[in-house]
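Please build the complex by placing chain F on the supplied structure of chain E, with the hints as guidance.
From first to last, the protein sequence lines are chains E and F.
The first sequence: position 117 = 117 (the working numbering), numbered continuously.
The second sequence: position 301 = 301 (the working numbering), numbered continuously.
Think of the hints as simulated: they come from the structure by calculation, not from any bench.
Among the hints, a few may not be true.
What the hints assert, rightly or not - Simulated crosslink set (DSS-like; lysine-lysine; CA at most 27 angstroms straight-line):
#1 E:K313 <-> F:K338
#2 F:K266 <-> E:K311
#3 E:K311 <-> F:K354
#4 F:K266 <-> E:K222
#5 F:K338 <-> E:K222
#6 E:K313 <-> E:K221
As the list claims (entries may be wrong) - One-sided and incomplete, this derived list gives chain E residues near chain F with beta-carbon spacing under 8 angstroms:
#7 D126
#8 A268
#9 R285
#10 A294
#11 H304
#12 G305
#13 L306
#14 D309
Unchecked claim - Partial list, derived from the structure: chain E residues whose beta carbon lies under 10 angstroms from chain F:
#15 T188
#16 A281
#17 R301
Predicted, not measured: the structure shown is a model, and the values here were computed from it.
Every residue, glycine too, gets a C-beta built ideally from N, C-alpha and C.
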Amino acid sequence: MSDPDDRTDSIPQRPLGRTGIKVSALGLGGHHLGDLKTVEAAIRLVHEAIDAGITFYDNCWEYWNGRAEDWLGRALKGRRDQIVLMTKVCTHGRGADLAMKMLDESLRRLQTDHLDLWQIHGVCFDNEPELAYAKGGVLEALDRAKQQGKTRFVGFTGHKDPSIHLDMIRRGYPFDTVQMPLNCLDATFRSFETLVLPELTKRGIAALAMKSMGGTATAVKKGLVKAEEMLRYSMSLPVATTIAGMDSLAVLRQNLRVARGFTPMSDAEMQALRDRCAKVAGDGRHEVYKLSLAFDNPQARLSHGLPLDVKQKEVQEMLFKEAGGP
Amino acid sequence: MNDPHENSVPYGCDRRGFLQSASLLSAGVVLSESLVQAQQAAPQLELSNIGPDLIPRKPFGNTKEKVSVIGLGGYSLGDAPSHQEAIAIVHEAIDAGVNFFDNAWEYHDGKSEEWMGDALKGRRDKVFLMTKVCTHGRDKTVGLRQLEESLRRLQTDHLDLWQIHECVYDNDPERHFAKGGVIEALDEAKKSGKVQYVGFTGHKHPAIHLQMLSYNYPFDSVQMPLNAFDASYRSFQMQVLPEVNKRGMAALGMKSLGGNGQPIIKGVVTVDEALRYAMSLAVATTISGIDSLAVLRQNLAIARGFKPMTAEEMESLYKRCAPDAGDGHLELYKSTMKYDGDLGRDQHGLPPHKDLPL
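Only chain F is shown next, with the shape it has when bound in the complex:
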């Protein structure tokens, strides 16, 4: 009786319809015509804060918030060589006009949130702060406990955005929406004023994202991998992005360089092309992993005075990547288990990363 997974789904969902869409979605073939059409049909998100030295901003979904076209990723911040450099990265990013800050309760066992909290001291009001809750199927009390820890580490009394982290297993949506699940924690957190907006994230499969959306819960944002390779392989751009925009939610892009920069190392694309492609999609922001001042400055140079690519430029880049991208080896977060965190694996009865690296 106490198993939340056995309870009925309060928001109603057509499981069979989902399975059918899941099988259709897996077909990796995308016609470039439809890519251009999709890009042309996408809402034109108005850029503000325009100028040669400025980082433009875009609306955060249907809200009045405006967020910078590039966001600072919290995981890589915890990879910075020192606490001091992490703080310098955050300060320089804010001074340059970056206002979207990403994090997650589980990144580096809390170090990412702690370092960001230290860096935001006296600057909290200048940023749109997001972190993520990591229940991975456990109940809302786990989620609310993590919220308190996140707030304490981030040294603030509220988040602008709180997202369900890493929806990557086929039964995650069912678990999240079960009675007593993490969705109820989102509701309570909003009610208490500790959180203004809510959303979810995941890097695995468009079908899982669509399943999350199928419950018709009023998410404010949806985070997903979006880059020049995605359109050729289990594509979030083709399958999820239009749905998110149709619902007036903010789309948040991540993994613009394919997760680990392999496409750059292999010479498939340049950093400039990859980041510009991602930022040109109908997204509020592109969250970028930045673990040093050098990488920050490289990405700021691309974001300053940013003008979106044309649909034709995007098509030509997509076509260039397509021969390499169709088997998923440039997107290991979709094609392997490399990016599935140990905490989530543990909740799903799977071996840890050290025993099952890929």
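Bound-form chain E, shown alone:
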């Protein structure tokens, strides 16, 4: 590493909206971390990511019934200060008191006394903005958590419909971040890129991208686009970071190759990619999270009186494994 110009080989750091802090342009997704076979494998993955310069870490109270947070917490022992830590609260329309209990559980599992970012998870139902803003709703928990110093910044996430995101934003709460699916398929189907991203830029809210592969990567599997193209597209948008699921060192290293010394695609390249996808993406076939309940977790379904899918991995975990245990 004697090359004086080796900083071109590092992962770019970008401002997180108007918060004053910076995050790496590539973030590590918490759900896939819980998908690894052992806690040791998860720890190794996190350590390698930190050493490579990934500073943004995603997680969620409900991922794998707490295992994803538990494993990340173990991996961050002694390294907490090197990273920006986010997790999510899973009220799904329920109120602030429940949210505060979830926050304390998340902090315990993550072995820290504060989060950098706490987001409302999976705002995916048309009435959730109304419920969040109601008296006693989850937004009051965001305020309390900030006041108590348990989180520095707050935001929300969701994968369903741009109109729900816009409803959350336009009711006026001062969110620091908003997370959403952003990829080259989205542009032609209920588009977060077209409808939500400009609104965030206008308001100085940090955009966090997810589902850069379309959730199940069917467009990649069918040969429509390459995984690398999809990740580069998402990272080329005006977002603070792109959160990517990485369930092996191989995937981590593949993504690091894209992120190191990352140069954004040109407008023409992005347009060409959108055009290539447009012919088949218009019915949502490669973004099933917008069409189906498949990506809506059991907590969300239960709180909205929706049927569970017993084949869903999360439901299997709920039924047959101890919460929080590896």
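Quick look at chain F alone, frame taken from chain E:
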């Protein structure tokens, strides 16, 4: 060159305007005042065949046809316990004064049409017969082939109404109106006399229906979910029904019990309330899924001597349902993929029901 999806749209449509309306429509908040106003502003469809033991009829759009306020759904007919009971259901419905009969080429792989065809033998002239074409984006030759099969199964030489089935994907309108698409099959079927009226159906999103209407094609009917929950969630009643009536088309209601009767099971409404609400809207008929003589008799009892609810009664029911209805869990056909058929999924490159149940 042969891909119909790449051809230009002959009827012209403002895609951008559609996207904007789609985003506005998704906001689920409806003021009850506007519900009452909409109901009061809706055309008063004149009831005929009135009497305590009679099933009233209403005009089918701007045509001279009159259809019964309740229609017999073809899908559930194929769920009847036996061929014999299905035939008994159809006969008893006709004898009671039901004349609107619904079906679709793809229901139960043709069994629904076959059973209805058997039941209508010698009674064809007493009913207003509808079935649906299931191209799901494929070209008109597929549609016309299905028409011949439907006619053969239904044992008739003509349909009163032929509708494009299940417009539920955002790009369905574009595919249907593409050169060589199913719209051309509707035109040809009318010209040949095999079909008198044409329309389309769908259960997913008001924006898709409005997109279908935006091409200004002269549909005679539009079928959609209409019930006491809809007004609180991606509402066809608020967004599509007024437009359909303004154009003089016949509105056909379906899913009056929320598709699978969950709102009844959960105690949100009674069958009587749910069905009466749906029938009280500005619709020609409410198509009801009936899979047994017991259900038929229950629904006939509600339809006999039917008098529409007042706007105030409807508002009060809407308000009672609203707290439960706002997230779509009482209308799974809108909020999940549960009701999207495998044939349509296949044409749209999506996994079948067994792999993606919801």
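Original post:
Taken at face value, is the distance from the CA of K222 (chain E) to the CA of K338 (chain F) at most 27 angstroms?
Top reply: Within the cut-off at roughly 24 angstroms; holds.
**OP:** May I ask you to test the interface hint for R301 (chain E) with respect to chain F, counting a Cβ-Cβ separation under 10 angstroms as satisfied?
**Re:** Nearest chain F Cβ about 9 angstroms off; hint holds.
Original post:
Taken at face value, is the distance from the CA of K221 (chain E) to the CA of K313 (chain E) at most 27 angstroms?
Top reply: holds, 21 angstroms
Original post:
Hint check: is the beta carbon of D309 (chain E) less than 8 angstroms from a beta carbon of chain F?
Top reply: For D309 (chain E), the interface hint holds, since the closest Cβ of chain F sits about 6 angstroms away, which is under 8 angstroms.
Subject >> Residue hint A294 (chain E), partner chain F, criterion CB-CB below 8 angstroms >> reply: Because about 6 angstroms separates A294 (chain E) from the closest Cβ in chain F, which is inside the 8 angstroms limit, the hint holds.
Subject >> Cut-off 10 angstroms, beta-carbon criterion: hint that A281 (chain E) touches chain F >> reply: Nearest chain F Cβ about 9 angstroms off; hint holds.
Original post:
CA of K313 (chain E) to CA of K338 (chain F), is that 27 angstroms or under?
Top reply: holds, 19 angstroms
Original post:
Holds or violated: D126 (chain E) as interface residue toward chain F, Cβ cutoff 8 angstroms?
Top reply: holds, 4 angstroms
Original post:
Is the interface hint for H304 (chain E) satisfied, with its Cβ closer than 8 angstroms to some Cβ of chain F?
Top reply: Nearest chain F Cβ about 5 angstroms off; hint holds.
Original post:
Are the Cα atoms of K311 (chain E) and K354 (chain F) separated by 27 angstroms or less?
Top reply: holds, 11 angstroms
Original post:
Do the alpha carbons of K266 (chain F) and K222 (chain E) lie within 27 angstroms of each other, as the hint requires?
Top reply: Cα-Cα ~42 angstroms, so violated.
Original post:
Would the stated hint for G305 (chain E) survive a check requiring a Cβ distance to chain F of less than 8 angstroms?
Top reply: holds, 5 angstroms
Checked against the numbered hints given earlier, this structure breaks hints 4 and 8; the rest are met.
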